[in-house]
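Asks: Dock chain B against chain A, hints included.
Residue numbers (the numbering used here), protein chains in the order written: chain A, 2 to 318; chain B, 1146 to 1370.
These are computed hints drawn from the structure, not numbers from a lab.
Here are the in silico distance ranges between beta carbons for each label pair:
1. A:316 - B:1209: 23 to 33 Å
2. A:173 - B:1209: 16 to 26 Å
3. A:173 - B:1217: 29 to 39 Å
4. A:37 - B:1333: 51 to 61 Å
5. A:294 - B:1233: 22 to 32 Å
6. A:33 - B:1236: 31 to 41 Å
7. B:1295 - A:174: 33 to 43 Å
8. A:136 - B:1263: 26 to 36 Å
Computed footprint of chain A on chain B, listed as stretches where at least three residues anywhere in the stretch have a Cβ under 8 Å from a Cβ of chain A:
9. 1151–1163
10. 1167–1179
11. 1258–1265
Here are some chain B residues the structure puts well away from chain A; computed CB gaps all over 12 Å:
12. 1220
13. 1244
14. 1347
Heads up, the beta-carbon is just placed ideally off N, CA and C, and yes, glycines get one too.
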Amino acid sequence: MLERIAYNLLQVFVLVAFAPLIEGVVSRLKEILQSKRGPSIFQPYRDIWKLLHKDEIVSDHSSWIFRFAPYVAFAAPVFVALLIPVLTRYPLFFAFMGDMLGGGFVLALGGFFATLAAVDTANPYGPMGASRTRMVGFLAEPVFIVVFLTVSFVAGSTIPYIVQTRWVTPIANFFEPSHVLLMIAFLMLILAEDGRIPVDSPSGQFELAMIDRSKSLEYSGRGAALMKWAGAMKFMVLTIIFLNVLVTPWGLAPEGSGLAGVLIAIPLVLLKIFGFILVLVYIESSLAKLRLFRITEFLGAAFVTSVVAMITRLSEI
Amino acid sequence: MNGSPYPVIAALDALTGALFLLTALGVVATRQVLASLQLFIVQSLLLTLSAVLLGIALESIHLFAVAVITIGTKTLMIPWLLRHTVSSEVYRTREIQRVLNIPTSLLLSAVLIVLAYVITNPLIGAVEVPFAAINLPLGVAAIFLGAFTIVVRREAVPQLLGLLAVENGVFFAGVAIVPSLPVIAELAAAVDVPVITLVMGLLTRQIHRRLGTTSVGELAALREH
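Extracted from the complex, chain A is given alone in its bound form (with noise of 0.2 Å):
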């Protein structure tokens, strides 16, 4: 019992300090990429240690809720990581607490407080930004229904861990059209969600054309560590789900392997989700910026992608 409470809380420790790392790896091989030599990869945590000790600067206009926000931000996806299987294969302590369709309300919490932190500075870019994060949002929620029904259809259950073991076991399921098509799904929902190209610029300085980044602009000192902070641990968070729950739920520790186990695989981890942002910087630096209303498009080849997946595995081929 205590066991399982210290893995869980290892999985949460795990997410906490490799997310900025994760970052920092990702625009370090987009620069590559552009034959530019880039940042360090440890520059995410030495912005997030100078802003932590930097003045904080709030609007006389603004209130609570701004103040308040990036706490609520940056423990949703805490919580999150309590939830689904980050290192382990066998269901840890909290596990039991929320399934997926909660994991997901927790984190639009996150988002919904973001929102209206944005929109409380009254600074004009601010509820630009959250308009438009709400606009993607509502366009996505669909698609997270569908691909949300359709998993735990399959597996009978919503907890994440018991849906991973029935991708694998037979490998032959791996192959079902309705899995290789919700993978293709949650790929795009995670670019939707993490404001990822093509639908959103995570790196451009233009206000005008911002959607996720604009939200957390009035922020500064620690607010905005904690902003930076949590925008990471979400896209750790999404792509954790996306590995761990759907496509490749190998490498992590079986039931009874002990805190070895457990050890061995944080770098396995690690290791996948390095293999998965080779495929997101490829899609990133191959693929332009959608304009605004284009994202409808994307969501919806998203959304019809989800539908037929729904499809093919409710009649059963």
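Replies: Structure of chain B alone, referenced to chain A:
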């Protein structure tokens, strides 16, 4: 798929079928003319793959003949014909005029796919070939999507690609239902389809030369000289 005597091949065939359907959706929805031509080539390759898989499983030489003919005509000859008869200006077109916008046509496509599953469901029990449950609904869905492409597009070349996608769908369903189709039927199709493509390509070329556009949607009225 469960209970099929060839589990691995059935799984691979189902995967091929899913990707086949995705490319059909792509032909409906892509904006660039060139991209929809490339998607059509990928779709034909997937059709070939499915024919080869079924050929291995059912030990039918006819299906290998289908595969060879498909590779020869649909991935090599038709793209070559289309690229050479229609001026390259058409392929640089980005914005294709459409009757419906892309999200609406994608949603309607999803409805068509559901419809394909509904109407083929009673037919699957009637044929004895184990792969019909995979190929028949997907093939019919591809037929619907190809026909829908013809309806929804307003450029000549993508409409032609819709027609060819219908043909792909027919073959995709056909290889599963009639694995021992005589080669003569396939050969007839192999000669027919490039000829259709050639005729339509030349017609498109003439239209483009006369009017400077291939937007079929604007060709609404007859005019005598």
